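Visitor: For reference, the chains in residue letters:
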Amino acid sequence: MSGIPPAALDDARVARWARQLLVPGLGEQAQLRLAGARVRVVGADAVAAPALLYLVQAGVGKLWVDDPETVAPVDAGSWLYTGAEVGRPRAEAAAEALARLSGLVSVEPYPTGGVPTATLVAAPSPAQAVHAAEAARRAGAPHVVVEADGDGGAIVTVPPGAPCYNCARSSGAGRPPLPGAAALAALAATELVLLIASPGTVPGRRFDVVRGVATVRPTVRLPGCACGAAPTAA
Amino acid sequence: MTTSAVVDLRRFACPLTYVKTRIALERLAEGEQLEIWLAPGEPVESVPRSAAEDGHRVVSVERLAAPADGFRVLLEKGASAPGGLP
Amino acid sequence: MDLSTKSALVVGAGGLGGPALLVLAAGGVGRVVLIEDDAVETSNLNRQPLFGEGDLGARKAAVAAARLRALFPGLQVEARDARFDASNAVELVRAADVVVDGSDNFATKFLANDAAMRARIPLVHGGVLRTTAQILTVAPAGIGGCLRCLFEAPPAPGEVPSCAQAGILGPVAGFAGSLMGAEALRLLAGERGAYEGRLYTYEARSARSRLVLVRRRAGCAACGGTQPLGVDEAPVCEATSSRSGGTA
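Residue numbers (this note's numbering), protein chains in the order written: chain A, 18 to 251; chain B, -19 to 66; chain C, 315 to 562.
Since the hints were derived computationally from the structure, they do not count as laboratory data. All clues stand as given, with none of them false.
Quick look at which bits of chain C chain A covers, simulated, 3 or more residues with Cβ under 8 angstroms:
#1 329 to 337
#2 352 to 363
#3 385 to 391
#4 480 to 489
#5 509 to 522
Simulated DEER-style distance windows between Cβ atoms:
#6 A:Gly131 to B:Glu25: 44 to 52 angstroms
#7 C:Arg524 to B:Glu12: 36 to 44 angstroms
#8 C:Gly388 to B:Ala59: 51 to 59 angstroms
#9 B:Ser40 to A:Gly131: 46 to 54 angstroms
#10 B:Glu25 to A:Arg238: 50 to 58 angstroms
#11 C:Ala535 to A:Cys242: 55 to 63 angstroms
#12 A:Asp225 to B:Glu25: 39 to 47 angstroms
#13 C:Arg524 to A:Ser123: 32 to 40 angstroms
#14 C:Arg397 to B:Arg(-9): 24 to 32 angstroms
Predicted model only: the values in this text are computed from it and were never measured. From the three backbone atoms N, C-alpha and C, an ideal C-beta is built for every residue, glycine too.
Full structure from sequences and hints, please.
Guide: Written out as structure tokens, the structure reads:
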């Protein structure tokens, strides 16, 4: 409940997000919701990099980068990391690269116990993804999960109360990601921005992006899944 | 119908003129009026049209009295989009 | 697939060209030529991944090239700080194996289309506006139609979208530009394009995708390589300076 967002956009922010402020359905209140959001991003590798970048550029106020690993050689030559960053903690390297883009957004390594208002999960393994998604669900945070598979993959969007990630996820890990998976990351960022900026307008849905085309369907709760139980007191 | 606010936008260029107009309208309730002052040329040619496209009513466009340069435009906020969105 | 001998021309390095360049570079293309005649402006920064706050006022072509070289040391980058127009279009297109058009006005999009068909080089066309992205691949050797088969001409100056229509939700541009880059990689690898002869449209709120067939129109001068270049006037919504009719 900390960090009361400003009541109005200052001139610098109006100029920065002028193009977004013109989109029907978005406006000052929507942009302020983005500015007031604390978004935890789980995973900061080459797959997640475009998502991190677009969240910063869209005006998310605070980004928490949750990734304990170091920049791997395969991450160099991605949207955020140069070869010089190999071996550095990814959360730190991401924060630095993103801070260069915008001083209007704060990017930090995820603080243990931090409660996000929204979460983007681009974890490298299915088990980590399920765990992170479940944590977001319990915190009542809308979240989007990215499953890369070659140059495409899947995305599961979970607004509060919707069928959970476990109900909608793919059964195994995808093939190693290819550069075209940046589209998937950008789509995930789009979903998360809409969830934050226009709450209540995005239903639970799953995308499959194959050969450049996204097909979407509503998510459906698996019978007996705990995500359908009434929420307990926090 | 009282004017709720007056915004002088003559020093801004497109699209900032319309962005600021949109924000000012967003802060009003349906039916409330906004008076904006626009520079001649592109701003006065495009802002009222944009407002109309976004569902607001252009009540009037008049030249400002000399020596001021520009136009006074009165807009009336239209109904919000579905979902209460601007 | 080794693309190190391949070259891609990217028109524009902003909302569409930026992600396309990043995807092409990460995909191992040997050389990119980017052509871009703008300076970095504040309102670009909601969606153009090659630019940050520190680049405001700088020439986009130079900043884009520097950023690409820093991220991809093995990549050959040629940056042209110039407008893509009838005087250079065919020469630039002929020197490439694929063209990605990330330009932000219809006149340039049509010019890129016409030049690609004349030079017989495949082109990935794209546009983004508000919450909608569109992509079409124009393959001279294929059976689908070109941009002029789809729209016979750019919108007349009177039909210029107003400021109200100049909005762009940043990540949607990223989605479109990344898809365009991935499509270019497919074409460079000798595969059939996913958007060849089919216009792909994605709207972000409804999450709806559409594919519309684009057939070759009988008598299309562009398809025949005989369309005069640069005859379409660019309507101007001057202050946006990202002109009109589908922004980037």
